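**Q** Residues per chain, in single letters:
2 protein chains.
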Amino acid sequence: VKSTKHTVKLSPATHNDLELIMAWRSHPNIYHYFKQQNAPLTWEEHSGFWHRRKNREDFIVELRENGAWRKVGTINVNNLDSDMPEIGILIGELTLQGKGVGGQSLKLCLDWLKIFGYTKAKAVIHTDNKASQQIFLQAGFKPDKKESTKEWHCLIYEK
Amino acid sequence: VKSTKHTVKLSPATHNDLELIMAWRSHPNIYHYFKQQNAPLTWEEHSGFWHRRKNREDFIVELRENGAWRKVGTINVNNLDSDMPEIGILIGELTLQGKGVGGQSLKLCLDWLKIFGYTKAKAVIHTDNKASQQIFLQAGFKPDKKESTKEWHCLIYEK
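One line per chain: the protein sequences are G and D, in this order.
Positions 432 to 590 (the numbering used here) are the ones given, in order, by the first sequence.
Positions 432 to 590 (the numbering used here) are the ones given, in order, by the second sequence.
None of these hints come from the bench; they were simulated from the model.
Predicted, not measured: the structure shown is a model, and the values here were computed from it.
Careful: at least some of the hints might be erroneous.
Computed, partial: chain D to chain G, Cβ under 8 Å [claimed, not checked]: (1) L451; (2) S457; (3) P471; (4) W474; (5) G479; (6) W481; (7) N486; (8) I520; (9) G523; (10) E524; (11) L539; (12) I587.
Away from chain D, derived, C-beta distances all over 10 Å, residues of chain G [as the list claims (entries may be wrong)]: (13) K502; (14) M515; (15) K553.
Yeah, the Cβ is synthetic: ideal placement off N, Cα and C, and Gly gets one too.
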């Protein structure tokens, strides 16, 4: 019997992944939910963002299907100099959205944070992005009404 | 004085480029000009297409800027079993379009065909895609009125 369960792992994003991440970030279905972007990126913007990153880790989300691993998205953790890092998920393979890969990556990311002693995490999600809010709620995040605005839902995780 | 001239090279596309090519092919500004696609791809469609390819070469277009090479698109040659292979260009880094990279890749691709003894080539371009038609015209392709339709412009190259 062939298992239909997806298998997900993270790997550190490297300079070699920049073109792929740029292509994902340049899709309107994705940047629609970003704070500061309303068009495909230029290389300057994208590599500038990459090299200016601080207190942040970027992981590639890899999925195993039919015996082979492939890169399907990224998950990043920001504000690692605070006690409440902020998590962002991007499933770049659009036709894979809604299949649980985001939730599985988030769990791995929370495990990673735990290993390094963090007990809290945060996510700020576009109001329209119901699917992403759902992923964070299912992982145990709670809405933070006080920090939320009309456009941005804030969710908090506490172990 | 810093040269502002772009430098372009081709490299054989490999299995490791599949996710990047998929991300490029899944952008609406790109698949708008494709014959058979009106939505982001599934992995099955994409890897299926890859493994079913025959008589075809796919190259990655690489661009050198500020001392570093990066992958910006693909160029492919189909019907290599005929005397008139068909060329397709895809500049995946959208903000790079209109800067001559497509034209430079096409020249390299025509050189490649020449090396292997081909004297003719063909392109079939969506009527709306004026920029691409321009690239082929500038490289010496001539419109083939007989083979063109309302939706598809056919261009022919003969050495």
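**Q** Any Cβ of chain D at or closer than 10 Å to K553 (chain G), or is the non-interface label fine?
**A** 28 Å, holds
**Q** Does W474 (chain D) hold up as a contact with chain G if the rule is Cβ-Cβ below 8 Å?
**A** Holds, because the Cβ-Cβ distance from W474 (chain D) to chain G comes to roughly 6 Å (cut-off 8 Å).
**Q** Would the hint on I520 (chain D) stand, with a C-beta cut-off of 8 Å toward chain G?
**A** Where the cut-off is 8 Å and the nearest Cβ of chain G is about 16 Å from I520 (chain D), the hint is violated.
**Q** Can G523 (chain D) be said to touch chain G, with a Cβ gap under 8 Å?
**A** 6 Å, holds
**Q** Was M515 (chain G) rightly flagged as not at the interface, with every chain D Cβ beyond 10 Å?
**A** 31 Å, holds
**Q** Should the hint that E524 (chain D) touches chain G count as held when the rule is a Cβ pair under 8 Å?
**A** 6 Å, holds
**Q** Can we keep the I587 (chain D) interface hint, with Cβ of chain G closer than 8 Å?
**A** I587 (chain D) check fails; min Cβ-Cβ to chain G is 32 Å, beyond 8 Å.
**Q** Holds or violated: the hint that P471 (chain D) contacts chain G, with Cβ atoms closer than 8 Å.
**A** Hint on P471 (chain D): holds, closest Cβ of chain G at ~4 Å, below 8 Å.
**Q** Was the hint right that G479 (chain D) lines chain G, CB cutoff 8 Å?
**A** This interface hint is violated because 12 Å lies over the 8 Å limit.
**Q** Hey, does the N486 (chain D) contact hint survive, CB to chain G under 8 Å?
**A** 25 Å, violated
**Q** A closest beta-carbon separation below 8 Å is what the hint needs, so does L539 (chain D) meet it against chain G?
**A** 19 Å, violated
**Q** Can S457 (chain D) be said to touch chain G, with a Cβ gap under 8 Å?
**A** Because about 6 Å separates S457 (chain D) from the closest Cβ in chain G, which is inside the 8 Å limit, the hint holds.
Checked against the numbered hints above, the structure violates hints 5, 6, 7, 8, 11, 12, 13; every other hint is satisfied.
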